[in-house]
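Chemist: Spelled out, the chains give:
There are 2 protein chains.
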Amino acid sequence: MDKIKVIEIKESVFKHNELNADSLRNSLKKRGVYLLNVMSSPGSGKTTTLIGLINLLKDKYRIGVMEADIDSEVDAIKIKENTGVESIQIHTGGMCHLTAAMTKEGLDGIDESKFDLVILENVGNLVCPAEFDTGAVKNIAILSVPEGDDKPLKYPLMFEVCSLVVINKIDVLPYFDFDIEKCKKYIHERNPKAEVIEISAKTKEGLDKLAAWMDNELKNYKGV
Amino acid sequence: MDKIKVIEIKESVFKHNELNADSLRNSLKKRGVYLLNVMSSPGSGKTTTLIGLINLLKDKYRIGVMEADIDSEVDAIKIKENTGVESIQIHTGGMCHLTAAMTKEGLDGIDESKFDLVILENVGNLVCPAEFDTGAVKNIAILSVPEGDDKPLKYPLMFEVCSLVVINKIDVLPYFDFDIEKCKKYIHERNPKAEVIEISAKTKEGLDKLAAWMDNELKNYKGV
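Chains as they are written, first to last, in the working numbering: chain A, 13 to 236; chain B, 13 to 236.
No wet-lab data here; the hints were simulated from the structure.
A couple of the hints might just be wrong.
[What the hints assert, rightly or not] 30 Å max Cα-Cα, derived DSBU-like pairs, lysine-lysine: (1) LYS205/A <-> LYS70/A; (2) LYS90/B <-> LYS197/A; (3) LYS90/A <-> LYS197/B; (4) LYS41/B <-> LYS231/B; (5) LYS234/B <-> LYS216/B; (6) LYS150/B <-> LYS221/B; (7) LYS90/A <-> LYS231/B; (8) LYS194/B <-> LYS216/A; (9) LYS90/B <-> LYS194/A.
[Said to hold, decoys possible] Not close to chain A: a few residues of chain B, all C-beta gaps over 12 Å, as computed: (10) ARG37; (11) SER84; (12) ILE192; (13) VAL208; (14) ASP220; (15) GLU229.
Predicted, not measured: the structure shown is a model, and the values here were computed from it.
Glycine included, every Cβ here is placed at the ideal spot set by N, Cα and C.
Required output: the full structure, derived from the provided sequences and hints.
Modeler: See the structure below:
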């Protein structure tokens with residue numbers, strides 16, 4: 013392997029966000045509202061995955077969705093039209109991630125107390141959202157096959173902060189050099205406790221496993 | 013279309029970066045060094061595209077590469093092994109983008125004066141890198157087919173600041189719902205002047221057009 017010169021450039025990007033996140037998490041817990049933070053690259057299939065998941069769970073739980081984006085309402089409209097559940101759009105005004113304070117503002121807007129589960133679809137970005145605790149109970153990451161199996165090496169924090177990694181678009185595995193076992197190995201090097209579920213949101217393969225994971229989470233959270 | 017509640021959350025993220033960028037751009041211009049800033053989502057094929065491009069131009073121009081990543085040296089090593097050109101890795105220490113000051117630090121590290129063209133592969137991210145002028149002569153964005161044709165709608169700034177959009181992975185068009193004409197329309201709504209080149213870095217289709225664009229840029233820059 014060639015020797016490569018490496019230049020380290022450090023700069024602090026964290027903004028005393030942790031206290032806000034813990035406070036929000038405690039407040040949600042008291043009211044039995046489960047907040048799920050969903051993160052991924054742009055185009056990994058977050059919205060389509062959520063539509064599939066919500067349609068499997070909406071008869072059992074009261075679900076609300078917050079779609080965070082730099083601009084446009086396309087995702088919030090897509091969720092509402094394809095699931096019927098309440099959905100709002102959060103515009104971040106150029107921000108690449110949500111802080112706990114911004115998440116709280118969104119929750120106030122959707123009136124979260126009437127839901128069992130509020131799903132936050134974070135801004136499509138494998139970097140910044142991982143750095144800011146939103147106050148969610150759990151973080152999940154969606155990684156799609158076309159992005160490549162090496163992403164856990166290059167975006168380590170994302171895979172460290174997520175309890176579950178959903179590998180999406182497994183229907184196109186034949187057309188890409190994506191090694192699922194290698195990818196799982198990289199994920200577990202970053203986070204030995206991470207669960208991994210393989211799905212195709214398009215063909216719906218594996219969505220039942222994702223729904224079972226979510227159902228189990230909600231039961232444990234409510235202490236049922 | 014359903015009515016969707018939209019919550020605007022504004023926060024400033026810009027850090028008086030413009031002066032630094034202009035100063036760096038002027039300094040590079042005086043020495044005839046062309047800095048190209050390449051941006052995209054994670055997994056869009058930036059590194060593979062650059063390898064193809066460099067191999068078409070390296071006999072004509074002296075080329076250096078700066079690979080920016082949160083962590084890992086995989087990209088810098090890949091460039092060096094597959095093209096033979098000098099390549100360094102810039103670790104951003106968690107930062108999701110490069111500022112002009114960070115870019116200058118990288119250029120000092122590679123000793124940019126000995127090159128005609130220095131290519132900066134920015135952090136894989138469609139949001140933040142677009143907000144920070146690195147001092148480059150031109151920005152280009154790579155958008156890959158699996159990410160979806162709607163990305164210019166959701167990440168408008170990226171497409172506004174780029175002179176050229178490279179649509180990559182056209183070899184997998186048959187397996188995705190990606191409408192190239194619709195995508196071009198969205199790009200041109202954001203940026204009427206943007207050029208669009210379609211390629212497959214994997215099969216090398218279209219790389220000649222990308223090399224011709226770069227060659228033309230370098231000729232104009234040097235006033236040849």
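Chemist: Against this structure, judge whether each hint is valid.
Modeler: Now the hints, each set against the structure:
| no. | hint | result |
| --- | --- | --- |
| 1 | LYS205/A <-> LYS70/A | holds (28 Å) |
| 2 | LYS90/B <-> LYS197/A | holds (21 Å) |
| 3 | LYS90/A <-> LYS197/B | holds (21 Å) |
| 4 | LYS41/B <-> LYS231/B | holds (13 Å) |
| 5 | LYS234/B <-> LYS216/B | holds (28 Å) |
| 6 | LYS150/B <-> LYS221/B | holds (17 Å) |
| 7 | LYS90/A <-> LYS231/B | violated (46 Å) |
| 8 | LYS194/B <-> LYS216/A | holds (26 Å) |
| 9 | LYS90/B <-> LYS194/A | holds (18 Å) |
| 10 | ARG37 | holds (19 Å) |
| 11 | SER84 | violated (5 Å) |
| 12 | ILE192 | holds (15 Å) |
| 13 | VAL208 | holds (17 Å) |
| 14 | ASP220 | holds (24 Å) |
| 15 | GLU229 | holds (26 Å) |
Of the numbered hints stated above, those contradicted by the structure are hints 7, 11, listed in ascending order.
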